[in-house]
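*Asks:* Two chains, each in its own frame: build the complex with the hints.
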Amino acid sequence: QKEVEQNSGPLSVPEGAIASLNCTYSDRGSQSFFWYRQYSGKSPELIMFIYSNGDKEDGRFTAQLNKASQYVSLLIRDSQPSDSATYLCAVDLNTNAGKSTFGDGTTLTVKP
Amino acid sequence: DAEITQSPRHKITETGRQVTLACHQTWNHNNMFWYRQDLGHGLRLIHYSYGVQDTNKGEVSDGYSVSRSNTEDLPLTLESAASSQTSVYFCASSDWTGANNEQFFGPGTRLTVL
Numbered sequence: 001q002k003e004v005e006q007n008s009g010p011l012s013v014p015e016g017a018i019a020s021l022n023c024t025y026s027d028r029g030s031q032s033f034f035w036y037r038q039y040s041g042k043s044p045e046l047i048m049f050i051y052s053n054g055d056k057e058d059g060r061f062t063a064q065l066n067k068a069s070q071y072v073s074l075l076i077r078d079s080q081p082s083d084s085a086t087y088l089c090a091v092d093l094n095t096n097a098g099k100s101t102f103g104d105g106t107t108l109t110v111k112p
Numbered sequence: 001d002a003e004i005t006q007s008p009r010h011k012i013t014e015t016g017r018q019v020t021l022a023c024h025q026t027w028n029h030n031n032m033f034w035y036r037q038d039l040g041h042g043l044r045l046i047h048y049s050y051g052v053q054d055t056n057k058g059e060v061s062d063g064y065s066v067s068r069s070n071t072e073d074l075p076l077t078l079e080s081a082a083s084s085q086t087s088v089y090f091c092a093s094s095d096w097t098g099a100n101n102e103q104f105f106g107p108g109t110r111l112t113v114l
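Chains as they are written, first to last, in the working numbering: chain A, 1 to 112; chain B, 1 to 114.
Only chain B is shown next, with the shape it has when bound in the complex (with noise of 0.2 Å):
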């Protein structure tokens, strides 16, 4: 069956650290997103990507990054983590195809910055 995994599931890091987080999805879905969540605060985006090669900001994307090199991995990197960045990561992936456009997460990762 068709998946989308996160690893790892729990991170604990340091502040300043780099930190990435995998994202990895069997669907064959062109689109992939980054979001965080924070109580009060739902669900959050932060970069998204169309296919390959292609990367966005999203709302909150300062202090992260991604990159796209093939249609199945979306990897998010913490340049520097920071206190402010301990939330839980989720991935997500959708097979836009007009008006539906579902998206389909991954069972999230949990990141503390201490």
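Here chain A stands alone, though its shape is the one from the complex (with noise of 0.2 Å):
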């Protein structure tokens, strides 16, 4: 079993909808949780930290994370044409590590 599991994909939804990307975990002593955005021959970029239980919403994007299920989710409200990304989660084993574990990544494709 990986240490972090991200859906397959591909993922695609038309333009306006919800996208919604998931990740799970099988570390229970895991921390902190992230959500990369990686464009087609780009490097990855920050777009989500979440490390308490819940929601945290930042523009469109909410992410969502469940300790107890050990999965962390991604919601892409109003999804643009720009969203077309490939989408990694990474999980920290600690806040003593520093060193995060990604997943292998969700491309996402939002046609107009």
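In short, the hints are calculated from the structure, not lab data. Watch out, some of these pointers could steer you wrong.
If you anchor each label on the Cβ, the simulated ranges turn out as follows [said to hold, decoys possible]: (1) B:57 with A:14: 43 to 51 Å; (2) A:53 with B:84: 39 to 47 Å; (3) A:18 with B:65: 41 to 49 Å; (4) A:57 with B:95: 20 to 28 Å.
This structure is a prediction, so every number in the text was calculated from the model and none was measured. Even for Gly, the Cβ is constructed at its ideal location relative to N, Cα and C.
*Replies:* The following block contains the structure:
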């Protein structure tokens, strides 16, 4: 079992729809969770960080964390073609490690 | 503005040659990381460093080495390049301040080993 697993995708949604990306992790000791966006041919960039159970909202993006079920999700509301990218979930085992384990990514395409 | 740079951006080399990829950051971050990215595998950690003179192996460290002589640089060396090391390499840095270990990535180096 991989330490961090994401929906293999690709995921395609129409413009204006909600895109839902899911990530599960194996280590219950994990403390911090990140979503990075990576455009084709570019480097990853952080879009969301969450460490407490529940929801965290930032503009059209919402991260949801459920430590009991060991999953973290990313919702993108009112999806735009510019959201088309690969989304990487990353998990830190604990805050003292300073080291993230990445999932394989989910590629999202938003169709106009 | 602070940044993280990598050089070269593209490299073609032959099997058996030693190759060094440079990574330089001006964030003054203590943590630095090297990843490789292949189709279907996301980012896999090669080596990382928490500070000067500190280096640690990641999950795919065989055939790679790093050294950290100052805060700004973490060069990655392929001792004897193999075709299996053809990949895109990303360097990253972070300034761990508790829970948020956001990593800042360089632009990447595309390495081809023939």
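*Asks:* Do the beta carbons of residue 53 of chain A and residue 84 of chain B sit within 39 to 47 Å of each other?
*Replies:* Given a distance of about 41 Å, which is inside 39 to 47 Å, the answer is holds.
*Asks:* For residue 18 of chain A and residue 65 of chain B, compare the CB-CB distance with the range 41 to 49 Å and indicate the outcome.
*Replies:* With a Cβ separation near 46 Å, residue 18 of chain A and residue 65 of chain B satisfy 41 to 49 Å, so the hint holds.
*Asks:* Could you check the hint for me, namely that residue 57 of chain B and residue 14 of chain A are 43 to 51 Å apart, CB to CB?
*Replies:* The hinted range 43 to 51 Å holds for residue 57 of chain B and residue 14 of chain A, with Cβ atoms some 45 Å apart.
*Asks:* For residue 57 of chain A and residue 95 of chain B, compare the CB-CB distance with the range 20 to 28 Å and indicate the outcome.
*Replies:* Holds, since residue 57 of chain A and residue 95 of chain B (Cβ atoms, about 25 Å apart) stay within the stated range.
Going down the numbered hints, you'll see the structure goes against none, and every one checks out.
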